[in-house]
Amino acid sequence: MKMKKIVLILSIVGVTFNSCSDKFDEIDINPNSTEQALTYGLFNNANKELMDNTRDQWQSARITLPWVQYSAQRAYTEEDRYQYRLSTGVSLWSFSYRVAQDYKNIIDLNTDPATSTKMAVYGPTENQIAASRVMLSYVFLTLADSFGDIPYYSYGNKDADFQALNVDAQLQPKFASQQKVYADILKELKEASEMIDENEVVFTQGDVLFGSGEKLKRFANSLRLRVATRVKGSVQGAEAHIQDAISSGVMQSNDDNVGLSYENNLVNPSPLFNDFRTRSDFAISKTFVDLLKGNSGNFDLDPRLFKFATPRGTAKASILDGSAPESTNPADFSGMPYGIPSSLAPSQASSSNFFSKNILKPDYTEILMEYSEVQFLLAEANGWSQTNYVNGVRASMQRWGVATANIDTYIASLPAASKENVLTQKYITLFMQPYEAWAEYRRTGYPNTLLLPGQTGTLNVAAGGETTYIFTSLIAGLTDLPTRLFYPTSVQTLNTANYQAASAAIGGDKMNTKLIWDTN
Amino acid sequence: MKKLTAGVLILVLSSSLMVAQAQQTKSGDTLKTQQIEEVVVTALGIKREKKALGYAAQEVKGETISDAGQTNAVSALSGNVAGVQVTAPSTMGGSARITMRGISSITGENRPLIVVDGVPLDNSNVNNSDTQRGAGGRDYGDASFDINPDDIESVTVLKGGPAAALYGSRAGNGAIIYTTKSAKKGRTDIQLNSGLSFESIYIRPKLQNQYGGGYSDTLPTATINGQTYNIQEYETDASWGPKYDPNLMYLPWYAFDPEFSNDYLKPVPWVAPKNDVDSFFNTGVTYTNNISVAKSFGDTNVRLSYTNTNITGIVPNSKIKKDNFSINLNSKLSDKLTADAIVNYVHTEGFNRPEIGYGDNSVAQKFYHFGQRNLDYEKLKDYKLVDGSQRTWNRSAYDDPTPLYSDNPYWTVNENTSADSRQRFFGNAGLTYNFDKHFYVVGKVYGDVYSQNISSRVAVGSQAISNYSIQKRNVSEFNYEGRAHYNNNFGGFSLNTFAGFNIRDNKTSILDGTTIGGLVIPGLYNLDNGVENSLASNAEAHGSVKSLFASASIGFRDLLFVEATGRNDWYSMLKDSGFYPSVTGSFVFSNVLKTNWLSFGKIRAGWSSIAQGGTPYVTGTFITFGSPFNGAPQYSNPNTAGNPDLTPELKVTKEIGIEARFFKNRLGFDVTYYDTKSRDLIIPVPVDPSTGYLSKSINAGEMTNKGLEAMVNVTPIRNDNFSWDITWNFAKNRNKLVNLYQNLQNYVLTNAPFRAQLVAQVGQSYGSILGTDYVYDAQGNKVVDENGFYKASEIQSLGSILPKYNMGFRNTVRYKTLSLSFLIDIQEGGKYFSTTNMWGMYSGMLEESALGGNREAGVILAGVKEDGTPNDILLDAPTWGGTYYNTVDAQNVFDASYIKLRDITLGYDLPKSMIGNVFQGVRISAFARNLFAWNLSNKGIDPENTSYGSGNIQGLEGGSLPSTRTYGVNVNFKF
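Chains as they are written, first to last, in numbering that gives the first Met the number 0: chain E, 0 to 519; chain C, 0 to 974.
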């Protein structure tokens, strides 16, 4: 009896302990996800995530969109006065590299023999790789333009300084010099352009940017023209790239514009539209309205004003549902005084103008680069060419839906092409593409219609007996627009030694340290 | 064969009480010492004589918890046990962070294992990271809230690794072992216990009462129907507005609805409100009713218990209801075979637990960060128009009632509600077979299964997009355990040994659904009512650990004891297995000295090496899914890169202690020194995002804790009618992160919503608050910049959230059957970051923003300019207030020290003469908790109220409700 029970108990112990062990190895198989993505889904996500995070209420409308004075905040104006939230800088950095990792993953999946055949089903391998290289260049351009020296990754260049996007080998990547970064972006764009099969698609689906190899190629060359123009005189070989990019084929018309169109629903609406559903923080800046009205600068009343802005007093709800009226009366537009203290904002807000229903709509297209800009770049390359200048203005007006007669009238009134006129028109074209406008301002000093720290601005409505105010930067020492962003706090704490080396290399981690091409 | 099958079935149903019985049968040779033999519950529920233990274990009696009217069995330990730190915000049903001997894991579990009647109880905290970092969310509390304080017989706190080593990979932080009441052999016992308590607001930010909402010092005007009125900056959620003036008339926010004809276009004086923020809060009420029946039928003992708890919170329209049922059975089936089982069913239902932190529905954020001080809360109660649309003070304009930033707080608590429920079974069943008086075997199953539902609503008409979200979680843990014990005595030697196995199986399954784009039909909360198709997502996790363990304890003449344990764990989620040994020893020197004045004396020492495993799927790098965009799927790399080479994290503990009692136990102390070292911590190390990931899972780092726990008992007076006992608990822990990974210096635990980060920084204590400090010149003056703002340093540590020491001081006085007891709970040191202080100053809400005429005169910050001359730059008041944000974070960092009158309890057992024959006993206790707090560095913030979860994210105050005082009575009838 006793033995029987001992045997029983021991056998139960044995059976229980081992019965589970058969499947023990299978327990850790994750039922929720996979380690292997499909490339087109990565591309689709990366493009959207990139635009979501560089054209939204934070990284755009609370940093660069106001800084270049396309917009001004209607309340809580600290960021307009250059005191941007450090967490926003962290996000810009984080999202950019996260997106870059997705693009790099597409390259990896297309080059790893174990997966490349499978991925080739979703588009020609070369085109997939080229698109990723081009988009990586686009991401790194924004990062370099914003911060200076940055950790960098290159598909085609195994420079020892390029240590980003390699988590298995390097948790604290070195920062590559701006010289190397810009030079390699140019090289990457050239090589990517050369590997594209123009007669094929890029991805079979999930690609709302390009659709065809040809469009991708024109984008690659146009972007190279942009970058080469930015760094000519500061990075060796840039001039040659300008000519090479042009001859390799840049954008030909507005059909070649590259933009990300959001969906006409509330599932994937455009970021600013989505923000305006619950907030109303941003208005068109008064300095921009004054330029478009012809109150400042060299131009007459610009009909694009009516496409960009909503007449004063329009209910926000009518903008969002698309029923807001379009006014052609310049008296309906005054803009939001830029850079006022928060305490003055309530008195001015109701007299300002919101963005128009052409912008605050769910299916808005965020532009990565457009034909008009290319024409201005060509105008510059061609010695401030009148033809390219006029083409650029016309293309921009067409894109915003200005009536042909109004375009003709405006063009007839244009002052002749000059450095100032071309670059100021380019500034108007770049409306809603604030990162590029900010870079161009730093490179060229145009437009010269912005309100700078220490200057006196005019209020829309007298407040406390005052009709003017002095624009004061909240960051001590800034007398002009910021020339860069602080390196993110997360990088300071997580990659300290390289951060310190990079800060020293660029001349200090300050908001007025000039980048290598900021020579004006 | 039939008998075999039945045997298997019975074996699989069993319980821990029989172990106790089995133990009792063998303890025939008790020493005849003066003190009562203390028996405590140790790891795996095994009862041992306390004198034989070579590690620190402290017991708390159930009455200590129930007399004080505690509804949370975990936070009840605060101040009662040396070395236990409890941070319990006073949010209704909120999370209670409990740690012992500091912090040993950077991101992993730092709370002790909670065991109830042998069941390792899931103590999940579902608060999301935004809630925890103070960025807004509701505090759903910990799953251990399900433990019924009324059922607790005793609590044993196994403080460290050596004590808890037998629990293997989860024991690194010690264990808290709850033993519930059971029927005592030969007795029938019926008890009725009723408690009623009240909760009222206590510590909250001090607000200014001189200036109303707005930014301008004059009121704006508007012409309405041809008449010009003073109006207000309704759209401004700050209070830098005009000074109150009873002769200044204006149209308040509620003057624009014809529906409210008494108020329509009726100017009122610009004065401080009659009914201010405090009037918003209710007195919370908690009812607890428990009935228990215990009966013994020969060899079978049964106890049934039912408790009903009803709590209403200080925030209107918030409540929690809890029902606990338990059945506790044990039966001697034959001379050798006993069976036992405990089943608990708990149903917890929360309604509208308040949102806290910096969130849309956080009323504290509206009251103390961004708001208008002139609001009368009686007026705000009319928060809705007949057509269902909202009336808020924060209108977009006088002619536009759309809420700009803030909902009306009454709208928030009545319309934007949440509901949660948890249905839980836990218990165990087992069989014990005694072969003879030396050898027995035990088979047990422990189960803990619950499902939790949480739903939340944002009504149509709110400032935020209307929404309905639900989450369903199913959590289960089963442990299958078998042990064989052999105990015997050989001459002067005693031997206690056992060996066994455990198989643990954890599953979690989560299903989420949320509407997209808003709700269509107002007031209908269903996923079908979304503007777009609702979004569903789910996740499953499964993990298992298989273990073998053994223990041997040898005693020599009750003088010397040596014990060794070992456990090997095999993990489903990691490649490596881990072996976790412990060795402890004790020497009862009082048995050698045998003096009169020494009642008992023991020294003890212990060592253990324990590991923690990973979470399921931590080794892989799995893609995350986005919802399809433009007709194609979206995939992205995850934020965290996985690592196939992860190994368990290891924690080595060394401890030494001395325990002594003198003068017939009138004076006693128990002191422990410990030294723990954890290494190979599994952490998703945040990395520079330029790696392509935000973090990577690696084994990294080494953290040490060294500390002292002391307990002193003094009984100055003890006679038949009167006694006075003093207990003093003290714990000091020094935590240090020795290194992280390679030359990484910081592990960012989280970011506070606007400023400051919580990090683990190499060379520092865990939980440093990182931010900017003042810049000082050589003379120690604060430096101001050319704008007249304080110049900010680079980002640096502004102090750790961990305290220097904690202590509790309990006095108990008894006169006959009357007893009075109070506990002073003291924390020294530690820091917290206050977002409330930052925004409250920024917005002109706090009292300090309106002191000394600074509104009119402006402020010159005390300090020197960069050239060394005294600062003379005058800032207007709003600009000065604005500098609390975005300049020097140290302005918003405060010391977390406190001295609290934690509880005071008056208990009285009615004398027999009064109660007659109906009752066997009647006990009445009156209690008050958190009556007073002293020594606060910011008088408006309770340092315990600065965290919103029981996890590692603490000390980032993002917008807390007032902390509270509780007082009540408890009556116990024994029939």
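Calculated from the structure, these hints are not laboratory results.
Note that this is a predicted model, so its numbers are computed, not measured.
Any given hint could turn out to be false.
Stated by the list, open to error - Listed below are the simulated SDA-like cross-link pairs for lysine to any residue, each with C-alpha atoms no more than 20 Å apart in a straight line: (1) E/K509 / C/S792; (2) E/K315 / C/A396; (3) C/K49 / C/V737; (4) C/K803 / C/V737.
To be verified - Just a sample of chain E residues kept apart from chain C, beta carbon distances all over 10 Å, derived: (5) R97; (6) Q235; (7) S295; (8) S342.
Stated by the list, open to error - Partner residues are not named here, just some residues of chain E that face chain C (Cβ under 7 Å, in silico): (9) N44; (10) N264; (11) T277; (12) P345; (13) T403; (14) A404; (15) T408.
Ideal Cβ placement from N, Cα and C applies to all residues, glycine included.
Here is what the structure says about each hint:
no., hint, result
1, E/K509 / C/S792, "holds (13 Å)"
2, E/K315 / C/A396, "holds (12 Å)"
3, C/K49 / C/V737, "violated (35 Å)"
4, C/K803 / C/V737, "holds (18 Å)"
5, R97, "violated (6 Å)"
6, Q235, "holds (25 Å)"
7, S295, "holds (28 Å)"
8, S342, "violated (4 Å)"
9, N44, "holds (4 Å)"
10, N264, "holds (6 Å)"
11, T277, "holds (6 Å)"
12, P345, "holds (5 Å)"
13, T403, "violated (31 Å)"
14, A404, "violated (35 Å)"
15, T408, "violated (37 Å)"
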